[in-house]
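Chains as they are written, first to last, in my numbering: chain B, 801 to 1180; chain P, 801 to 1180.
Since the hints were made in silico from the structure, they are not lab data.
Computed from a predicted model, the values in this text were never measured in an experiment.
Cβ atoms here follow ideal geometry from the backbone N, Cα and C, with glycine treated the same way.
Heads up, some of the hints might be wrong.
[As the list claims (entries may be wrong)] Okay, derived cross-link-like pairs now, BS3-like style, lysine-lysine, Cα gap no bigger than 27 Å in a straight line: (1) B:1088 / P:1088; (2) B:1032 / P:1091; (3) P:995 / P:1091; (4) B:963 / P:802.
[Claimed, not checked] Some chain B residues close to chain P (C-beta under 10 Å, calculated; not the full set): (5) 1052; (6) 1074; (7) 1079; (8) 1090; (9) 1096; (10) 1099; (11) 1100; (12) 1101; (13) 1179.
Number of protein chains: 2
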Amino acid sequence: MKKIIILGATGSIGRNCLEVIRANPRRFKLVGISANRNIGRCEKILGQFRPKIAAISHPASFMRLKKAAHGRTSILAGEEGILEMIESLEADTIVSAIAGSAGLLPTLASIKKGVRIAIANKEPMVMAGRLITAAAKKSGASLLPIDSEHSAVFQCLNGEPEKRLKKIILTASGGPFLNTAYKKLEKVTPAMALKHPRWKMGAKITIDSATLMNKGLEVIEARWLFGVPPEKIQVLVHPQSIVHSMVEFEDTSVMAQMGMPDMKVPIAYALSYPDRLPAPCGSLDLLKEKKLEFFPPDTKRFPCLSLAYEALAKGGTMPAVLNAANEAAVEAFLEGRAGFLDIPKLVEQAISKASLRSDNKLENIIKAHKEGGELVRTLL
Amino acid sequence: MKKIIILGATGSIGRNCLEVIRANPRRFKLVGISANRNIGRCEKILGQFRPKIAAISHPASFMRLKKAAHGRTSILAGEEGILEMIESLEADTIVSAIAGSAGLLPTLASIKKGVRIAIANKEPMVMAGRLITAAAKKSGASLLPIDSEHSAVFQCLNGEPEKRLKKIILTASGGPFLNTAYKKLEKVTPAMALKHPRWKMGAKITIDSATLMNKGLEVIEARWLFGVPPEKIQVLVHPQSIVHSMVEFEDTSVMAQMGMPDMKVPIAYALSYPDRLPAPCGSLDLLKEKKLEFFPPDTKRFPCLSLAYEALAKGGTMPAVLNAANEAAVEAFLEGRAGFLDIPKLVEQAISKASLRSDNKLENIIKAHKEGGELVRTLL
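With these hints in hand, go ahead and build the complete structure from the sequences.
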């Protein structure tokens, strides 16, 4: 019986994760959750899973949740509450699924425990990949990806000699505007961008998919998760989203992982590895798909992908600036304060103006993150 | 330094295997070869690799080869010579690449040595899969496939829990007549059938690819190599021959191995496993391929695939009958004594008329093999 903590239990990944735990009651026991503001869903989780501790970021909701817990679950509040839960609970696996940069400190605290960390939130890896992988090495924590692309790469690499890895090929659906002319991208509204053709996800990541920034962030994540230099990470547009990603070895063999677009598959894999759990969804039917296509990404219409490579090449704290600038730009787009094509422009200006700190201290990363967001807000 | 014996060194697989050894002189040393009649090529191999022993099936060539060896290579002759070489030579890996059913006894003799057997010749596995896998279990020999499809499956299974295997998906190029109407198949000549769209191979296997019998034999081979019941082995037509085969796991994840159609890749893999050797050919370019397609096989136009499943379902010695009947029918087709559409008809009649022996003694397999060939020759 594996004890699981879910950080970000009320989000899209958190909910899928709860479904996997519910479907495998003899394997997994939910011992702790964190959530931001969705108290209604929190109450349901407490009723269904009775975790030992629940930590809620939003302090004002503390009393309501405490009441709902009927003394069976300890309730903690605020960022400190989340860190306290991580520190005090015994767990085998911590699912890191807090959206955005807010996941950084909880992820670092989780890694200190030296257990398995299932990483669903790519922002901490983007901001502080070097720091996180070094901390994991020190504590003995194992980092297992939940992102479908990185889970695919992990499955392709499984047991193979690292020195024989030639290339990681991340696939991208291309998002809802794969075939939209540049001129028309100007008029893209949040409602249009929130319609992803293949995956149901949260708002931030769906917009990132539409700009290809999501793929850029994944390139940075892959660079740290798999210890591979950026020039060995390639992105291919694959509109069918069936091949979740690939790996090429020195002998030219390419291993690919394919499947249905259901996040429960990589979640179940990260929780059960090296075993695999019975199907959480229907089988892939290649006859239904008929054809799988691959195209080069168009970085003229979608410059965010190039910007991510650029930030990675600059190194140091620049990926943290990129990430924060993107968060701020996407927020502005969702609130109608910026156009779709402004997102890459704002991010580009932020990374050209931001100061570069080459050491990887946490305080510098946090400074860079603040600077990236502020630069975009000033530009707006 | 791994010592290698190649059984069938002058054939298509043997020659590719020699290229891999030549490209990796610090890893591999050729210590023994067998050949059938191609003395010219044998002489070249002796000059270039100086193996300890060469065994030649064709006794009349013995003296010529002995002269060419200049006393540096011992020459043996006949089927007994091949078996004597296998028994007396110390080796790490024996490549079993003798074409057709002639490979059965040498393969069994190789397995007795308890070393790695790289299996390029599927006929022995088809005829005597249960016997061979039992012998390998007893001696501790490891069976590594060289066939590109089985190598792909082996790579996909690598390290995964066997109980989680849901399905093996073998891909088939569909051969040169993938889109040829049934009526037109009547007029197919050997020259037409020998033009394979993707792979350069020997004559027998190229015809088998055109009838889809090759895929049927591969289903039987996979059944034994991977210990999987026939209902878990599916065949998909994939005209691009980029995905060499796939495996589906219980969690619906599908792992696929892709690559260029170059036999040196699976050969190098079988010799170097668990390592991988640097590229023996150019990288796969998915952008060049543009699309990968998958279709169900048409067993009405290509009944040989169904006949293989049927022989496997009947069990016992029936796959040996199927294999021998097919060898005889293909020979007749290549010699102009039978039409292309006669091949499945002859095989079907042979497996309906042959007696079924359910035990797996070698003598019964050899009897069944003789019966299968004779039935076809009588029908002709």
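Tested hints:
1. The straight-line distance between the Cα atoms of residue 1088 of chain B and residue 1088 of chain P is roughly 23 Å, inside the 27 Å bound, and the hint therefore holds.
2. A distance of roughly 23 Å separates the Cα atoms of residue 1032 of chain B and residue 1091 of chain P; the hinted pair therefore holds under the 27 Å criterion.
3. Of the supplied pair hints, the one linking residue 995 of chain P and residue 1091 of chain P holds, its CA atoms being roughly 23 Å apart against a limit of 27 Å.
4. Pair hint residue 963 of chain B plus residue 802 of chain P holds up; C-alpha atoms about 21 Å apart against a cutoff of 27 Å.
5. Residue-level restraint check for residue 1052 of chain B holds (minimum Cβ-Cβ distance to chain P is 5 Å; threshold 10 Å).
6. Among the interface hints, the one on residue 1074 of chain B holds; its C-beta lies about 7 Å from the nearest C-beta in chain P, closer than the 10 Å criterion.
7. Among the interface hints, the one on residue 1079 of chain B holds; its C-beta lies about 5 Å from the nearest C-beta in chain P, closer than the 10 Å criterion.
8. The beta carbon of residue 1090 of chain B comes within 6 Å of a beta carbon in chain P, closer than 10 Å, and the hint placing it at the interface holds.
9. Taking 10 Å as the C-beta contact cut-off toward chain P, the hint placing residue 1096 of chain B at the interface holds, the least distance being around 6 Å.
10. Given the 10 Å rule on beta carbons, the hint for residue 1099 of chain B is violated: about 15 Å separates it from the nearest Cβ of chain P.
11. Violation of the interface hint for residue 1100 of chain B is found here, the shortest Cβ-Cβ separation to chain P being roughly 17 Å, above the 10 Å cut-off.
12. Hint status for residue 1101 of chain B relative to chain P: violated, with the closest Cβ pair at about 18 Å, above 10 Å.
13. Because the beta carbon of residue 1179 of chain B sits about 36 Å from the nearest beta carbon in chain P, more than 10 Å, this interface hint is broken.
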